[in-house]
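**Q** Here is how the chains run, residue by residue.
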Amino acid sequence: MSGSNADLMDVAVTESPAKPKQRRTLSDRTLANLMIWPTLIILIAFNVFPLFYSLFLSFTDYSAIAFREPQWLGFENFQRILESEALWTSFSITGRYVVLSVGLELILGFGLALLIREQFRGSGVITTIILVPMMLSPVVVGLFWKLIYNPTFGYFNYLLGVNNLATPPDFLASRWAGQPTPGLALLAVVLVDVWMWTPFVALLIYSGLRAIPDYLYEAAVIDRASSWFQFRRITLPQVAPLMLIAVLFRTIEAFSKSFDLTMGMTGGGPAGQTEVIAIRIYQQAFQGQLQTGRSSALAYMVLILVIAISNLYIRNLNKAKEG
Amino acid sequence: MSNFEQNGPGFPVTESIRVDKVSPRARLSHALRAIVVIIVAIIMLVPIFVMGLTAFKSRSDVVAIPPKIIFEPTLEGFVFLLTNRSQLRGEALEEAKANIDNVGIFERIAITNGQSITGPSDFIKRLGNSVIIAFGATAASVVLGLLAAYAFSRFDIPGKDDLMFFILSGRMLPAVVVTIPIFLMYRQLGLYDTHLGMIIVYTVFNLSLTVWLLKGFIDEIPVEYEEAALVDGYSRFQAFTKIVLPQAATGIAATTVFSLIFVWNEYAFALMLTSETARTAPPAIATMLGRGGIEWSAIAAGTLAFLIPVLIVIFALRRHLLRGVTFGAIRQ
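Protein chains in written order, with this note's numbering: chain C, 1 to 323; chain L, 1001 to 1332.
Some clues are possibly wrong.
What the hints assert, rightly or not - Below are the SDA-like pairs computed for lysine to any residue, each with C-alpha atoms no more than 25 Å apart in a straight line:
1. K319(C) with F1165(L)
2. K1068(L) with A1239(L)
3. K319(C) with K1068(L)
4. K1160(L) with L248(C)
5. K1160(L) with L1230(L)
In case anyone wonders, no lab produced these hints; they're calculated from the structure.
Just so you know, these numbers come straight off a predicted model, no measurement behind them.
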């Protein structure tokens, strides 16, 4: 077994016939199976199987604290959920969360991407720095923003120049000047989401910008196209696929990661104003009555929605990869 | 506009447009951009900076109005975070105060607050759990992921795209959705609130990341190297260990670190699948708030202790960050 590089190169160049190897017992096929199946088995055991189990549970009245066999209910859980107003509230809160945060992230991210498009000294360090919030634990981020938002000694009100100490705005309690202002808490959470994820969206768009060939702009300059025309006809269509990826990615995340962030900041409050769908499932499944069956049904509805969105996402990823 | 597109400007071009010369105006706008970007970066860092400040504030400085930027730093928050203390009264306190010069810095801070340290706090245990579980799950998911990624990259596997999608789809599901059945299953298997149980959950969760990322890295290694080795009499497996692994070292390192960060930061699974023995740091930090009399400086100290490893890693990994987050789709 001559392993040195020189030998290796030599053989590759002269293409001497392969030595017949009797010792090689594993065919490529077997080896491939041996390499893939451990991963597939663990995924099936701890991902696919539980999902089938919860599909079964979603048709029953099972509760994790009741020590009795689950009773088959048919579609009752689903029917109840679809009829309940609280569900639509949660969905609409999640929807508002996604639309507001992803919208702001796209606009701000696009602006930021155009700014960092031209390299300058130290731009590498800066693009790294702005990614820091994204890599932090969302629940921990939520906690320290809770401190920043504190109505009396928080930095946020201080920087806003609030000096009305009797009734300072309390964002996480949705109170403005002592008056309940619904929606304020959700905005406060969205702001943190935007703080965390705008740089990510910006970098995605930036990588799209860099891939635009220069000759397109050169041709436009020769044709004396206005810069607005260049932006609308060259820049925008060229980065559109990546913007779509950013939107889909953030939408999927909004169903999962929004749980951590809102739990850290508000726990769903005040009065359920930031109760995104994930928090609702959590409360149904693990708190109070432990309505395992009902919450499984709700979880399944979200599951189907998320799988549909991720399907779109992965298709677009593949397209971007090839393009 | 359409006429313009088809026929060009529609007027004679009388002056040349030079793209190679940088005008003073372009230079100015370049500088302006740089300044705006720097300002944005500073704004991004303010909250983290605030948190860092809070970790070193005393109890009264934390709640000062207006918030203090300049204050006398203290390790009080860290003492509250890392130790259990009991209240000292009467003679015991006098005695401790008399002895204050002979004890360590943590003890001294406790005595100033009229307390004595009785032992290390729960938080140390939580951090320990985080470390054990993060490393265990990362080791498992990187090894399994590496094998699968190599097979997906090099062999002709029937239904490859569907399998890759299947592997990735697991990760897209919200943790809460997947956890309900896992919780029930773990209760049956006795894996609830165990290190092993958490390692398995995170391995499953991270496999999608490691398989996708590593496949991307392995795809970049020219297949000719291995073919040469095979011709030279290496077995497939030897070619994998002796040619591919060294070539993919950077990629493996990046993947490992991403996997570590994800486990380190994870909250939802840990919240729902652990209670005491195997609870990790993120839910522990979160429940500190639940107790009466919020010790903000202790929370900030805990957050800081938790963030520092992540910050170090980000700078070490900065060239691969985007790639890691998009499962290898986007290369920086």
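**Q** Taking 25 Å as the top limit, are the C-alpha atoms of K1160(L) and L248(C) close enough?
**A** holds, 23 Å
**Q** With the threshold set at 25 Å, check whether the alpha-carbon distance from K1160(L) to L1230(L) stays at or below it.
**A** holds, 24 Å
**Q** Is the Cα-Cα distance between K1068(L) and A1239(L) 25 Å or less?
**A** violated, 61 Å
**Q** Given the proposed pairing of K319(C) with K1068(L), does the C-alpha separation stay at or below 25 Å?
**A** violated, 51 Å
**Q** Are the Cα atoms of K319(C) and F1165(L) separated by 25 Å or less?
**A** The given pair, whose Cα atoms are some 14 Å apart, holds under the 25 Å limit.
Hint compliance for this structure: hints 2 and 3 are not met, and every other hint is.
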